[in-house]
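Number of protein chains: 2
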Amino acid sequence: MNARESARAARAAAGPLSRTPRSLRDAALAAMSDALVADAPALLAANADDLAAAKVGGVAAPLVARLSLDEAKIRGLSSGLASLRQLPDPLGRTLEKRELSPGLVLERVSCSIGVVGIVFESRPDALVQIASLCLKSGNACLLKGGREALRTNRALAASLSAAAEKAGIPGGWMQLLETRDDVDAMLELDGDVDLVVPRGSNSFVRYVQEHTRIPVLGHSSGLCHLYLDESADAAMAAAIAVDAKTQAPATCNSIETLLVHAAAAARLLPPVAAALSAAGVELRGDEASRAIVPEMSPATDEDWDEEYLDRILSVKVVPSLEEAVRHINAHGSHHTDAIVASDAAAAEKFLAAVDSADAFWNCSTRFADGFRFGLGAELGIATGKIHARGPVGLDGLTTYKWILRGAGQTVAPFVDGRMSFTHREL
Amino acid sequence: MNARESARAARAAAGPLSRTPRSLRDAALAAMSDALVADAPALLAANADDLAAAKVGGVAAPLVARLSLDEAKIRGLSSGLASLRQLPDPLGRTLEKRELSPGLVLERVSCSIGVVGIVFESRPDALVQIASLCLKSGNACLLKGGREALRTNRALAASLSAAAEKAGIPGGWMQLLETRDDVDAMLELDGDVDLVVPRGSNSFVRYVQEHTRIPVLGHSSGLCHLYLDESADAAMAAAIAVDAKTQAPATCNSIETLLVHAAAAARLLPPVAAALSAAGVELRGDEASRAIVPEMSPATDEDWDEEYLDRILSVKVVPSLEEAVRHINAHGSHHTDAIVASDAAAAEKFLAAVDSADAFWNCSTRFADGFRFGLGAELGIATGKIHARGPVGLDGLTTYKWILRGAGQTVAPFVDGRMSFTHREL
Chain A
8 MNARESARAA RAAAGPLSRT PRSLRDAALA AMSDALVADA PALLAANADD
58 LAAAKVGGVA APLVARLSLD EAKIRGLSSG LASLRQLPDP LGRTLEKREL
108 SPGLVLERVS CSIGVVGIVF ESRPDALVQI ASLCLKSGNA CLLKGGREAL
158 RTNRALAASL SAAAEKAGIP GGWMQLLETR DDVDAMLELD GDVDLVVPRG
208 SNSFVRYVQE HTRIPVLGHS SGLCHLYLDE SADAAMAAAI AVDAKTQAPA
258 TCNSIETLLV HAAAAARLLP PVAAALSAAG VELRGDEASR AIVPEMSPAT
308 DEDWDEEYLD RILSVKVVPS LEEAVRHINA HGSHHTDAIV ASDAAAAEKF
358 LAAVDSADAF WNCSTRFADG FRFGLGAELG IATGKIHARG PVGLDGLTTY
408 KWILRGAGQT VAPFVDGRMS FTHREL
Chain B
8 MNARESARAA RAAAGPLSRT PRSLRDAALA AMSDALVADA PALLAANADD
58 LAAAKVGGVA APLVARLSLD EAKIRGLSSG LASLRQLPDP LGRTLEKREL
108 SPGLVLERVS CSIGVVGIVF ESRPDALVQI ASLCLKSGNA CLLKGGREAL
158 RTNRALAASL SAAAEKAGIP GGWMQLLETR DDVDAMLELD GDVDLVVPRG
208 SNSFVRYVQE HTRIPVLGHS SGLCHLYLDE SADAAMAAAI AVDAKTQAPA
258 TCNSIETLLV HAAAAARLLP PVAAALSAAG VELRGDEASR AIVPEMSPAT
308 DEDWDEEYLD RILSVKVVPS LEEAVRHINA HGSHHTDAIV ASDAAAAEKF
358 LAAVDSADAF WNCSTRFADG FRFGLGAELG IATGKIHARG PVGLDGLTTY
408 KWILRGAGQT VAPFVDGRMS FTHREL
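Chains as they are written, first to last, in my numbering: chain A, 8 to 433; chain B, 8 to 433.
Take the hints with a grain of salt, since some may be wrong.
Each pair may be met inside one copy or between any two copies, as identical chains are not told apart.
[Claimed, not checked] Below, a list of computed lysine-lysine pairs in the DSSO-like style, where the Cα atoms sit at most 30 Å apart:
(1) K80 to K356
(2) K104 to K356
(3) K80 to K173
(4) K173 to K104
(5) K80 to K62
(6) K173 to K356
(7) K173 to K62
To be clear, the hints were calculated from the coordinates, so they are not data collected in a lab.
Values in this document were obtained by computation on a predicted structure and should not be read as measured data.
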């Protein structure tokens, strides 16, 4: 099937899927969980082919590591599917209920979006997580994974869709796209695709935004900051800085820049820099911070806009909390930014003023994650402001509709003044 | 100022505006309410200039009527501003609250979007309603009204922004754009504009979607349907059909197509057609409906996709409720669609299956309106599925941020198994 046919098939499945009861969707998740374990030999064989091709193709070692599947990973994915069943049904929730007039009752009810197109990186677990979130939330999906994982993704999609369809989910709800051309074709299909979710580089998200009329939920870079307030505790600052930078340096919720209040820089910078250096972090400081810790290499203007994804951290002394916020809002990616402060008023000022999806006080930016937030699983972390923001779980895969139930009411008597609205919350 | 300078000024105001307390925003609404009455002579003079130019320019009579302002309209707008004060604050609401671990508390809090760009038609009341909704929801705005209302809009914007700024709202929060070129320039400014709201024709909304990376909340056509189920009461069907078609035929929530179940067409169509004809509606029927009511003119295939905005209604006999839903989902604009039915099971099936922002049972489609829904006021009616759907009030002008407050927590102990998440709802 080409992308257009795939999108049509997904659209055809989306209506019936949106109306399936929770019990059917959860039964399908159970069947999918079992299928992964039962189909493990085929999945591992397909993955071995991908790995062999990657090695021949000279794919970098870290990517090969992310690409590889083993029995333990399959068991983890299988139990993830099983635990998704436990989450409450995101569909059919009454979000508002109001009597407009006696016998005329308005309800705002959560419902699935329809057809969602997701482009993601070469981790085989991504396909399983994304497809299962879509199923649980009643959405048909078009999935385009990394080129390097093509054979693995084919095997995973075959296993999961067969199990779901056998459990009673409408056929065609999950479609695998295989080429970049398929993605370009999908971006044209605003009649059959309701939402596009690009996970990847800033430039890829921007490309998608520029080439489609479909709403885009972008998951791009994480240029996150830690700001040490004048009132920060030095030991806490060091512990959080080390965790936020080194616990997993290649992740989007790790920090790239450390900002320090000028009045506390002489007190805070030496112990924080020592802790970071001991953890193997290269520090690049501005002039003011190098005056305190001369061992840092000098930062250039480019450093404030760079997502290192590595054990490198830029360091800057700022004259005030306001200037820290200004720097973050100007240079950050509106992802996750944190303050360390003992002064609660300063912290609340920071939390209100940073224009970020996640604003944290006295804890590591690494907590920005759907599982850690208690969302059960994560489609990604949205850096835009519209629809969903920050870690996106099942709720981000729903929209709502307004349902009005009456007994023959017409508008005319409300317009000519014979009747008036009660607007009573129910 | 050009569009870029306007957007920068709006962005500069947006941060401080987003952090103003409700009391300040409501005081500004009160000041704006008073200012409209105090500035009435200047507003009427500017409007008289617009009306004179419109007449010279040969603008059509209905547009001139919509364009005109008088003392009564100004009083209505003034009292609308005053009543907006009564609505609850849409900002700072806690949407979720969860303990992740003892002393580590996550909160999802509603907040303003930032800078919103709105393009709207030539009704002077539109500017007042839109600007005041933006202010109440803490958003800076770029406003582009219809060309014919330029002088009136300048006078209104001057009156409202002076009053708001005098009340303490950051200067620059409301910016007036004056040309179509300004709109095109705004569409490029994805760094300074967070949401674009085009109200207008389908082709205009599509143009905007094609020319921007900014999220778009489109308010386009209303191709609404009324479906008469096999179980419909004939008198109720006639009353709702007449109201939904004739109470205000030029509005987006009026119906354009009537669908009738085949098994009830002989019973329902004659009285419903008679009532519609008596109300001056031209009926265009398919073959099956003309076999029952031969007075109808024949419908062509184009009729099912046309938004007449006039006293014209297409009529079609369908073999089943499923086929009615299929027709609606294929030909409608996902705006508002209604069923008349005595059979509750059939009605619920319809409400679940129509892929529309508003799904109604036994009442007129004309109820689809922010004021009638109890939202207080309306930015427009969104026909997309993402972010806001159907009538958009203050909530549609907010987004949220995640705030995490801790006591020095790091992620490492949760990853290495020394600690585990409690995920306790608060």
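These are the hints, each one checked on the structure:
no.: 1; hint: K80 to K356; result: neither (43 Å within a copy, 41 Å between copies)
no.: 2; hint: K104 to K356; result: between (35 Å within a copy, 20 Å between copies)
no.: 3; hint: K80 to K173; result: within (24 Å within a copy, 62 Å between copies)
no.: 4; hint: K173 to K104; result: neither (37 Å within a copy, 38 Å between copies)
no.: 5; hint: K80 to K62; result: within (21 Å within a copy, 73 Å between copies)
no.: 6; hint: K173 to K356; result: between (54 Å within a copy, 24 Å between copies)
no.: 7; hint: K173 to K62; result: neither (36 Å within a copy, 68 Å between copies)
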